[in-house]
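Build out the structure end to end from the sequences listed, making use of the hints.
This is what each chain is made of:
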Amino acid sequence: MTGMVATITWSDGDTSTPDNSALSVSPSILEYGDTSVTVTYNDHNDHVLRALQPVSVTFAPPYTWSKLVHMSRLGVANQFLDIGGVISSTYTVGNKEYTCPWIVVGFRDAELESGEIYHNVPVLQMQYTSHEPIVFDPKEEFVSEDAIAQDGFYYVGYNGTNYTILRLNAGDTIPYGSYVNVYKTKWNSTNPVQYGLNDWKMSFMRQYLNNSGTGWAQLQHECDVLPANASSMTGFMTYIDPEMLEVLHPTKVQTHQPSYIGGGIDTTYDIFFPLSVSEMNMSNASASSDDGAPTDYYKELLGSNTKVSTGTYDVLKRYSVANTTASQIYWNRSASIDSLGVWVVSSSGFVHNHYSPSDSLYQCPACMLI
Amino acid sequence: MEDKNVYTPRTLSPTERVAFDNLKAENTELRQIVKEQADALMELAEIISEVGNG
Chain E
31 MTGMVATITW
41 SDGDTSTPDN
51 SALSVSPSIL
61 EYGDTSVTVT
71 YNDHNDHVLR
81 ALQPVSVTFA
91 PPYTWSKLVH
101 MSRLGVANQF
111 LDIGGVISST
121 YTVGNKEYTC
131 PWIVVGFRDA
141 ELESGEIYHN
151 VPVLQMQYTS
161 HEPIVFDPKE
171 EFVSEDAIAQ
181 DGFYYVGYNG
191 TNYTILRLNA
201 GDTIPYGSYV
211 NVYKTKWNST
221 NPVQYGLNDW
231 KMSFMRQYLN
241 NSGTGWAQLQ
251 HECDVLPANA
261 SSMTGFMTYI
271 DPEMLEVLHP
281 TKVQTHQPSY
291 IGGGIDTTYD
301 IFFPLSVSEM
311 NMSNASASSD
321 DGAPTDYYKE
331 LLGSNTKVST
341 GTYDVLKRYS
351 VANTTASQIY
361 WNRSASIDSL
371 GVWVVSSSGF
381 VHNHYSPSDS
391 LYQCPACMLI
Chain A
353 MEDKNVYTPR
363 TLSPTERVAF
373 DNLKAENTEL
383 RQIVKEQADA
393 LMELAEIISE
403 VGNG
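For the protein sequence lines, the chains are E and A, in the order given.
If you want this note's numbering, it's the position in the first sequence, counting the first as 1, plus 30.
If you want this note's numbering, it's the position in the second sequence, counting the first as 1, plus 352.
Derived by calculation from the structure, the hints in this document are not laboratory data.
Keep in mind it's a predicted model, so treat the numbers as computed, not measured.
Hints should not be assumed to be uniformly reliable.
What the hints assert, rightly or not - Listed next, the stretches of chain E that the computed footprint assigns to chain A, with coverage defined by at least 3 CB atoms under 8 Å from CB atoms of chain A:
(1) 312–318
(2) 330–340
(3) 344–355
(4) 369–376
Unchecked claim - Incomplete in silico selection of chain A near chain E, CB under 8 Å:
(5) N357
(6) Y359
(7) R362
(8) E381
(9) Q389
Where a beta carbon is used, it is the ideal one built from N, C-alpha and C, also for glycine.
Here it is, written out as structure tokens:
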């Protein structure tokens, strides 16, 4: 790899480098996943004089995207990068290119879909918000056409003012005449119909952040409804620097479900994901502590090694990548676990549970550099 | 092709950097306001000049 220097330390502590022609290095080219190289030194009679059990590997600047991910794969990125360091990148909308720095907010284990685990992997977060807002998930107003109630589904009656879960058993006649609309849903709650689903795994924002081009929005369950503007929007990855995209992979993300869905912990594999309340070093009774560990950057930002209560923090304000003087409200990943809503940070830095996942807000996503 | 360095080590603490960004945003906004006011004054000056010449 261009610019990489392997520093040889012999087993007796000597760091002198002998005549290169006498060195044998295995492997000669480091691949992803290699954590050591073995160097042997033979004399001219081909006798092994010293066999090394090295190894320290030094990554010298310039740091390209490929070199950054290489050090990340070797588990040594935390030796070369700082919390609060910045990786420069671009964000391109049409023919307009914006500066888009990514901040190193932490280091942690990253698990790929294959089950491979890497250590000390940088967690990056976009410094600015996206240029356009999007729903977390639209109102799931899936109009029922069932003649009789189906097993495994719930029905929500809307009378023009209120939404009500209808108490129906499988086979019961659905009282369409009593309501303006009757919606069919998978959950025993009016929330998904009335406000949108507040579950990261099934959210359209997850699809938006992890796709490029059109066609990113796909129905995910029987009563799902596409966002109204899905066909006119292109996925978030459309705008991201191709050099950055080339090195990134989906990694394991864990997110607590809202209670009406089951209250378990979802596992997803995502390239881009919003940070959780916990990962931003905050706590609230309605935000799960299972949504990832606090990151060091947010510990510093909020001035506490332990989680602080959600509130208003000026330091959490984020500006639009397309207008760096306009602070924007941006989605967090955590659901309000006992209720409707998703956590957000407002344009004034107010961290709160935003009741309506169907509102269009901005994103300030994170990714693992692996 | 020369390898492009994309990494900048931390120079300010996270809070200092955010404070800097906020200030930068406010300054940019302020500069925009000053520019708009300057443009308005120029327009006014042109009108006064035209009236004076007329």
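Each hint, compared with the structure:
Residue count for the segment 312–318 of chain E with a Cβ under 8 Å from a Cβ of chain A: 0. That is fewer than the three needed, and the coverage hint is violated. Using a Cβ-Cβ cut-off of 8 Å, 3 residues of the segment 330–340 of chain E lie near chain A, which meets the minimum of three, so the contact claim holds. Against chain A, the segment 344–355 of chain E contributes 6 residues with a C-beta closer than 8 Å to a partner C-beta. That satisfies the three-residue criterion, and the hint holds. Proximity of the segment 369–376 of chain E to chain A, defined as three or more residues with a beta carbon under 8 Å from a beta carbon of that chain, is not established by the 0 residues found.
Given the 8 Å rule on beta carbons, the hint for N357 (chain A) holds: about 3 Å separates it from the nearest Cβ of chain E. For Y359 (chain A), the interface hint holds, the least distance from its beta-carbon to any beta-carbon of chain E being 4 Å, beneath 8 Å. Nearest Cβ of chain E to the Cβ of R362 (chain A): about 4 Å, under the 8 Å cut. The hint holds. For E381 (chain A), the suggested interface contact is upheld, since its CB lies about 5 Å from the closest CB of chain E, less than 8 Å.
Taking 8 Å as the C-beta contact cut-off toward chain E, the hint placing Q389 (chain A) at the interface is violated, the least distance being around 17 Å.
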